[in-house]
Amino acid sequence: MPRRKGAPEVNAGSMADIAFLLLIFFLVTTTIETDAGLDRMLPPIEPPDTDVVIKQKNIFTVNINRNGQLLVEEELMDLRNLRDAAIAFLDNGGDGTCNYCRGRKNASSSDNPTKAIISLKNDRETKYKTYITVQNELVGAYNDLRNREAQRLFGRDFVDMEAEFLNPETPSAIRDDLKPKVKRIQDLFPQKLSEAETSSN
Amino acid sequence: MSSFKTNRGSKLPAISTASLPDIVFILLFFFMTVVTINDQQVMVQNTLPNATEAERLTKKDNNIEVFIGTPKGAQVALLGKAPRIQLGKTFVAMDQVASSALEELYSMPEHLRNSAVVSIKADTSIKMGIILDLKEQLRSVNLLKINYTTVQGDVFQNIE
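Sequence lines, in order, name chains A and B.
In this text, residue positions in the first sequence follow this note's numbering: the first is 1, and each later residue adds one.
In this text, residue positions in the second sequence follow this note's numbering: the first is 1, and each later residue adds one.
Extracted from the complex, chain A is given alone in its bound form (with noise of 0.2 angstroms):
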């Protein structure tokens, strides 16, 4: 027998239904991923082949006691101080060397920031928490004086223009225009974050 009115309509009224069970099941089913976190890099474990002697005004030292207090250059700091501490003794440029830096050029603080180096001790008993506290306070310093030189020299923050580098989402005509730029200001504020022997009392 010949149709002659063509297919007939399927009844769409439960696709919603259909649909809002799907999106239950993926609601209830997903977690939204924390995959961030701060990146540290381990030293080797051979030891370098000569030691190098570095002079005690370039090392900034932090120790963190078991009970999550601080010592800063022989002095208990306050952990919300910490990053301007840190931002004062890497910008300091003693020597007159670093023509981008802003700080007070205080003789007996770092010569310059491509020596200064940051020296993080902590006890066997300090908490992760009041660790990774410090550890974010340290690398926000970094980041702080990158950023600035980034805005001086591009007009952006280093932080994004990182990001944007490390994004293998990136078109690569626009890494390529980035990587320079990057590891130029790396290289006015590396990251010298030294974590040698703990304290084992």
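If you're looking for bench data, these hints aren't it; they were derived computationally from the structure.
Remember, predicted model here, so these are calculated numbers, not experimental data.
C-beta atoms are modelled at their ideal positions from N, C-alpha and C, and glycine is treated no differently.
Watch out, some of these pointers could steer you wrong.
Unchecked claim - Here's a subset of chain A near chain B, in silico, CB distances under 7 angstroms, partners left out: (1) F20; (2) R40; (3) N81; (4) D84; (5) S119.
Following the hints, position chain B against chain A.
Below, chain B alone, put in the same frame as chain A:
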């Protein structure tokens, strides 16, 4: 002013729900693309600390995930309250972390091994001792890129 009609007698017109499936499908596709299915059962207490300077991990397939925390739920009775390390789907003892991490590394595709990152997902309550031992273990097998996984948030909430 009698030209205004009074609606009192008639019913409200029904709102057409014909576009409702479309709206729901858009929502559905949004969630399907945004989220990733969590295929791993975390067997330890795992509240990550806050940080403001965290960088997003760009890829997930070159990560070796290490969870550290106290056992949770019913496992406390079995395993006690000492912090444990979970690598992959099992607990590993501290002296086996290095070999287990290498195993994970070699289960990755070859081109990713050079850029492998160990992401340390440690609970806020643990002490640094276990982290220091873990770092020593990772150094011994030359897995030097690590990442302390954190949550974006006010960093001083950690210490309060």
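Tested hints:
1. Interface hint at A:F20: satisfied, since its Cβ lies 6 angstroms from the closest Cβ of chain B, which is below the 7 angstroms cut-off.
2. Against a cut-off of 7 angstroms between C-beta atoms, the interface hint on A:R40 holds, since the closest Cβ of chain B lies about 5 angstroms away.
3. Taking 7 angstroms as the C-beta contact cut-off toward chain B, the hint placing A:N81 at the interface is violated, the least distance being around 12 angstroms.
4. Violation of the interface hint for A:D84 is found here, the shortest Cβ-Cβ separation to chain B being roughly 14 angstroms, above the 7 angstroms cut-off.
5. Contact between A:S119 and chain B, as hinted, is not supported at the beta carbon level, the nearest pair being about 15 angstroms apart and thus beyond 7 angstroms.
In terms of the numbered hints stated before, the structure departs from hints 3, 4 and 5, listed from lowest to highest.
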